[in-house]
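Enquirer: Chains as they are written, first to last, in this note's numbering: chain A, 1 to 325; chain B, 1 to 332.
These are calculated hints, taken from the structure and not from any lab test.
A hint or two may mislead.
Unchecked claim - Below, a list of computed lysine-lysine pairs in the DSS-like style, where the Cα atoms sit at most 30 Å apart:
(1) 331/B <-> 252/A
(2) 256/B <-> 42/A
(3) 321/A <-> 298/B
(4) 312/B <-> 325/A
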Amino acid sequence: MRTIQFRQAIAEAMSEEMRRDESIYLMGEEVAEYNGAYKASKGMLDEFGAKRVIDTPIAELGFAGIGVGSAMNGLRPIVEFMTFNFSLVGIDQIINNAAKMRQMSGGQFNIPIVFRGPTASAGQLAATHSQAFESWYANCPGLKVVVPSNPYDAKGLLKSAIRDDDPVIFMESEQMYGDKGEVPEGEYTLPIGVADIKREGSDVTIVSFGKIIKEAYIAADELEKEGISCEIIDLRTVRPLDHDTILNSVKKTNRLVVLEEAWPFGNVATEITYIVQEKAFDFLDAPIIKLNTADTPAPYSPVLLEEWLPNSNDVIKAVKKVLYK
Amino acid sequence: MKKVTKEVYLKWYEDMLFWRKFEDKLAAAYIQQKVRGFLHLYNGQEAVLAGSLHAIDPKKDKLITAYRNHVQPIGMGVDPKRVMAELFGKGTGTSQGLGGSMHIFSKEHNFYGGHGIVGGQIPLGAGLAFADKYQGNDGVTLCYMGDGAVRQGSLHETFNLAMLWNLPVVFICENNGYAMGTSVARTANHTDIYKLGLGYDMPCAAVDGMNPVKVAEAVHEAVERARKGDGPTFLEIKTYRYRGHSMSDAQHYRTKEEVEEYKKIDPITQVLDIIKEKKYASKAKIEEINKRVTDRVKECEKFAEESPFPEKNVMYDTVYEQEDYPFLSHKL
Ligand SMILES: Cc1ncc(C[n+]2csc(CCOP(=O)(O)OP(=O)(O)O)c2C)c(N)n1
Ligand SMILES: [Mg+2]
């Protein structure tokens, strides 16, 4: 099978959908003439023209809201945030309008919009540029939240997100755009709300999502050498959360580590931990461990950033701890 | 306005040259991966700062800007070694290594940052002015932003409030032609940014930003207006950045010729030409300045290199004023 970069998977998903449906357009800062700040919309202006691939000024509140308004009147926007850190400037339009409109109007106005862009840390960018808002958005009824971790998933899930008739928050990573992976030539979609078992294993379940899952792969390789078998679940969708896949795995391994690049207070891992203790309490042989960033804004200095982020060593330690090794 | 004397010209020359070389050193350190993250450099825009500083009293007036912010604090009196150390992620940096390139601060020197979210500093600048007015201080705040930032809602809300409350603030748009790859012409239906003041009845003007004298005159008038209690001004200072937006910018949106055109009216060269023309300094004296600048930049680099990285606890100690805040743990 051919191998492509994550950024190309994103561009292909958007382009294929735009060929299929005239009402889809892409809007955001530097998406057109610059081909995307991270080249995730490369070639799209050439193919679709300035009517459908639209450069905006730096005005997140305005263009997020214009996206929502246009969705109320027949269009299917893809709104790119250069990073989700900047979505905070427009978050009112997402939370108060995109997420609420359908219910508030008694089902009259659905909002088929995708807000997409990179999330979480991307090197030494410090406090305002290293934030993961998956749990913030996932907390809000009316939204769906998708966070792929490889090119194949990204393409299939983004196509589903664009076809979805509800608002979807679709989160990528600057540090994944260059990642390569196998992606078939032909058409495919992947369902929203279904987790994927990236590795089967028997001793412990590791749940993760997004780029940080790579730390779980590294840890699992190391642990395998010591005869410890890890099952790795990639959530792929954070809201709705695929309870069954997690619970079935925990019922098999009886041990759970959740790895999430986000602040520890009330995050996605916290939600999973609650669900598992509620639905699989009797299957657990050890307390669940969640691994997150430090409980502080992201620091700039390399030594501090290394301490701040969870890594494969933390995963190894956690796995051994739930195994009482 | 304070007269623009021989001493002023010589100071401008040395300051601007130092800022330029300081930034060049950062670019080199970035390539060596000693400085990481985003790095936005000020090359070409130095006259905006030099002219502004001539028109203010750094003891009581305040500066706030966006992420293109390494040399403004130096101009306000911060030790450049500490700015360089911040970019090297060292504990001796202005934010103890926590802020990095985009977030330089100095409370001591009235430099209020260093802000990474485009437009985020605009209301903050008005807030600094609000507090000065509230407390009866006669300080004035200079609040800088890029040409891209003026399209944010934050500017428009703030302009209205600043006029409504007659705040002692000068809003300065450093129009360097581009917001990343987006030219000013592609962000609005007209390119006269200063006219954004008109809708709020805010005094406003366009200024030549390659010439520090022109900048000083315009900023002086605005600062005096604010200090007298006559409220805000909006200046669009037309300047140019020679380097890419940040270090990873291939700059396909402009031509090399365009950059060369602006280098012909380079602020440092303009000032040096006047120094030579008016015989304000001998060749030897100019050489002496050049050497001093080179040496000072080297000292900064040495200091940054040799400084230790911060201790891990500063990441926690700097979050809250409360000393025993119960952080959640994240490592086993
Ligand atoms: C709210 C927000 N949106 C987007 C960005 C990404 N970004 C950083 S700088 C920049 C361009 C800003 O241009 P301008 O205001 O002209 O300032 P300049 O870089 O030219 O100094 C953009 C889009 C950001 N940091 N914050
Ligand atoms: Mg600009």
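Enquirer: Flag every earlier hint the structure violates by its number, smallest first.
Expert: 3
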